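Asker: Read top to bottom, the protein sequences are chains W and H.
Letter by letter, the first sequence follows residues 1 to 250 of my numbering.
Letter by letter, the second sequence follows residues 1 to 576 of my numbering.
Please keep in mind that the hints were generated in silico from the structure rather than gathered at the bench.
Since this is a predicted model, take the numbers as computed values, not measurements.
Note that CB positions come from ideal geometry on N, CA and C, so glycine has one too.
One thing to keep in mind: the hints can contain errors.
[Said to hold, decoys possible] Now the in silico label distances, taken between C-beta atoms and shown as ranges:
id, chain 1, residue 1, chain 2, residue 2, range
1, H, ASP165, W, ASN118, 36 to 46 angstroms
2, H, GLU477, W, ALA143, 15 to 25 angstroms
3, W, PRO32, H, ARG493, 37 to 47 angstroms
4, H, PRO106, W, ASN118, 52 to 62 angstroms
5, W, PRO166, H, LYS266, 54 to 64 angstroms
6, W, PRO166, H, GLN484, 46 to 56 angstroms
7, H, GLN484, W, ASN118, 29 to 39 angstroms
8, H, TYR437, W, ALA243, 38 to 48 angstroms
9, W, PRO32, H, LYS575, 33 to 43 angstroms
10, W, ARG31, H, GLU552, 50 to 60 angstroms
11, W, ALA20, H, ASP303, 47 to 57 angstroms
12, H, GLN305, W, GLY213, 49 to 59 angstroms
13, H, ASP165, W, LYS121, 31 to 41 angstroms
14, W, ASN49, H, GLU442, 52 to 62 angstroms
Here is how the chains run, residue by residue.
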Amino acid sequence: MAEGKIVRLRIKRQSGPQAAPQWEDFNVAYRPGMNVIVALMDIAAQPRNAEGQPTTSVSYEANCLEEVCGACAMVINGRPRQACSALIDRLEQPITIEPLSRFPVVRDLVVNRQRLFNDLKRVKAWIPIDGSYDLGPGPRESAADQETAYPLSRCISCGNCLEVCPQYNDKTGFVGAAVLSQVRLFNLHPTGKLHAGERLDALSGPGGHQECGFAQNCVNICPKDIPLTDSISAVGRQLIVHAVRQALGS
Amino acid sequence: MNPKIIIVGGGLAGLAAALKAAEQGAQVELFSLVPVKRSHSVCAQGGINAAKNLKGEGDSAWKHFDDTIYGGDFLANQGLVKRMCEAAPAIIDLLDRMGVQFNRTPEGLLDFRRFGGTLYHRTAFAGATTGQQLLYALDEQVRRLEAEGKIRKFEHWEFLSAVLDEQGRCHGICAQDLHGMQVRTFPADAVIIATGGVGAIFGKSTNSIVCTGSAQSALYQQGAWYANGEFIQVHPTAIPGEDKLRLMSESARGEGGRVWVYKDGKPWYFLEEWYPKYGNLVPRDVATRAIHKVVFELGLGIDGQPAVFLDVTHLDPHVLDAKLGGILEIYEKFVGDDPHKVPMKVFPGMHYTMGGLWVDNERQMTNLPGLFAAGECEYQYHGANRLGANSLVSCIFGGFLAGPAALEYARNNRTDAGSHIFDQELRRQQAINDRLYAAAGEENPFTIWRELGRLMTEHCTVVRHNDKLRLADRQIEDLLGRYQRIRLSDTTRWTNQTFFFTRQLYNMLQLARVMVQGALARDESRGAHYKPEFPERNDERWLKTTLAQWDEAAAAPRLSYQDVDTSQIPLRARKY
Ligand SMILES: Cc1cc2nc3c(=O)[nH]c(=O)nc-3n(C[C@H](O)[C@H](O)[C@H](O)COP(=O)(O)OP(=O)(O)OC[C@H]3O[C@@H](n4cnc5c(N)ncnc54)[C@H](O)[C@@H]3O)c2cc1C
Ligand code: SF4
């Protein structure tokens, strides 16, 4: 490997949920077009650190490798993002890699993001259909409405927006931008709308919309360019109308 | 107590089965390697087929059926394929009711595009991320049922094996927690396998990382039949990468994209010249072989490299963004060029397995009673070649069939199997794990895997030669020998990914032999299986389903053959 170009990485490692984190340096052989996952795969194949000492392979989550499954979110050079689309050529070295910090670490770069899925349950992020039997076509929708809703439906539950949110922590219990945006999506749908009240109720108390400090970091970090601040504002407006309606008892 | 159904896999097929089974009263336990929302089905780009005939073209379920059978070169059993094509329009309606953001026409109806192997606009789509949108819709419905207590998820768990009684009937599964790593057995009244594709056997493919076929292989080694393993689809247009081959969906051509190379200094649209009727939308096996010929026989790859152009630069940029945004974004992010402006460079890549676990013609049950299968992991719907956008519909249809069928089986066959079969299976799996941990050889599992991928890609994809297949089979046997001298670089007992990968690798090697031997035996050319030595389809000898059975004594596959149901559409030559 001496002659070829190398890629230098610094990875924050943690052998288990209770263990203390430690940094470990790695060198891997450079190839054109490689991304951070390729580097992690190389380490898995030959786990040696930069000093040449044998070590364990770095645990990480990844699946589709085309930025659509959401699995491989991690903090790379200080910025949360998907590792598969983090091209080595565009990263300053040594490349630092850390697990997302807002979720409990399982091992190394693997974190437990269950909270995100629980929050989707909490806000009833689905269309309540009567049943899966044949009831004919769904409601008509204009192409323009589809073009508003479709981008919202591309959220890959990666959690990058939560990593940069000052309000996303155990204390506030804030559901975060991704989940608020899903509420907007389902409240837009002609059938989903019929149950908008339930979703808004779920966002009315602690951990709901009120926790948002409007730092706007989320919208800048989202790999799917989801208009998160628009979603937060839209849900905010819906909540006001909802509260007024409830006050008037209708 | 309601019958308990275990479903392994939370892609489209698994979720579809879970939804139906839970809705009809089953208590469902859903196992998946990854949170189900991250399953490989999210990768599907182009769309889902259903003959809704919303474009006034006179499309019909029968034409969809005919295209599918003809596209599959008559190797698919016709009964279930016909039922699938008839059910497809209602499946689209249901997905639409669940809130899938399908593209729309000015009238607010669903829009449809053309895909390969048909002359009709039959493919519904949600941008170029249709699989993601469909998977999310089912994921949301399953989450609703989970909130109602009807479905319980075991995510980050790996299925290791089925728990079978002495008669081979299935009573549950044995699985391992990917984090805590404990091995456990789980009883069930019926089990549905929906574990998807096998891409990792080919090293690099368009599939996701977890598509190893390990579960299917484990079951095959327990006595489940594996059918038509030699039928592997190589997609004509993928972007070669260090870690995977990223797909450029057929929808790019469906929306007007053209494939070309330079010849005598001028663009040569070879697919349009060779196949004037279907042009760029010939079925995948045909397009892939054409590209191979242009690159390897005619030496016309771009700059002498294995690559051809896929060109959408002449199309309206707004239409491109509305209908293909998702895939153009992939190209731009991973290659760095803007496909609106410069033609993309692509090459064929391993994409899909038509073969899979054998299931019956009625209710998706394998030969092991109580064990069902649905989705890409089974063999039923695509014959010798799958048409684009037919997989998503077959996954959902198969899941919808398997869920209620498993429930019905469970209601009629509730027996107490006795705890000894669970203890036995648990011990067997733990013994495998202990051996792996204790292995103190010198072989590196990743090296063996890369070697396997190279062998399979070279010898068991586009063009197949008997001498090379024979050699490949021997070399896989060698790899199995080397596997016995393996060593884990990590022997910790917590979230040990090297351990799981190495365990799967054994199953990949065994399943690879099924594919290679199936291909070696089949001396004809049919759909995706092409042998220059036997260039014609041979119906007299080979209009047969290949069945691979594990021969315990030989530790190798034993092949036998089964007749194909061709009762509705008579055989005809396949000429595009
Ligand atoms: C890039 C790409 C694009 C595609 N585009 C289209 C398209 O446009 N139209 C179309 O019709 N088809 C398309 N296909 C094909 C289609 O996406 C797949 O065939 C289909 O999604 C498979 O779905 P599935 O439910 O069978 O399996 P998957 O979605 O692969 O799900 C498998 C599930 O099984 C689980 N699993 C696997 N092994 C185990 C185990 N041992 N233990 C526990 N769980 C396990 C996984 O975690 C996962 O949840 C495309 C395929 C690719 C690769
Ligand atoms: S909103 Fe964006 S950043 Fe947040 S989880 Fe979804 S895709 Fe990720």
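Asker: Determine whether the Cβ-Cβ distance between ASP165 (chain H) and LYS121 (chain W) falls within the hinted range of 31 to 41 angstroms.
Answerer: holds (37 angstroms)
Asker: Could you tell me whether the CB distance from ASP165 (chain H) to ASN118 (chain W) stays inside 36 to 46 angstroms?
Answerer: holds (38 angstroms)
Asker: Taking the CB of PRO32 (chain W) and the CB of ARG493 (chain H), does the distance hold inside 37 to 47 angstroms?
Answerer: holds (38 angstroms)
Asker: With respect to the beta-carbon atoms only, verify the hint that PRO166 (chain W) and GLN484 (chain H) lie 46 to 56 angstroms apart.
Answerer: Holds: the Cβ-Cβ distance is about 54 angstroms, inside 46 to 56 angstroms.
Asker: Honestly, do PRO166 (chain W) and LYS266 (chain H) meet the 54 to 64 angstroms range at C-beta?
Answerer: holds (59 angstroms)
Asker: Take a look at whether the Cβ-Cβ distance between PRO32 (chain W) and LYS575 (chain H) falls inside 33 to 43 angstroms.
Answerer: holds (42 angstroms)
Asker: Has the hinted range 47 to 57 angstroms been met by the Cβ atoms of ALA20 (chain W) and ASP303 (chain H)?
Answerer: holds (52 angstroms)
Asker: Given the hint of 38 to 48 angstroms, is the C-beta distance from TYR437 (chain H) to ALA243 (chain W) inside that range or not?
Answerer: violated (59 angstroms)
Asker: Could you tell me whether the CB distance from GLU477 (chain H) to ALA143 (chain W) stays inside 15 to 25 angstroms?
Answerer: Violated, at about 57 angstroms.
Asker: Do ARG31 (chain W) and GLU552 (chain H) keep their Cβ atoms within the hinted range of 50 to 60 angstroms?
Answerer: violated (43 angstroms)
Asker: Just tell me: holds or violated, for the beta carbon distance of PRO106 (chain H) and ASN118 (chain W) against 52 to 62 angstroms?
Answerer: Because 40 angstroms falls outside the window, the suggested range is violated.
Asker: Does the hinted range 52 to 62 angstroms hold for ASN49 (chain W) and GLU442 (chain H) at CB?
Answerer: violated (21 angstroms)
Of the hints listed earlier, those the structure fails to meet are numbers 2, 4, 7, 8, 10, 14, in rising order.
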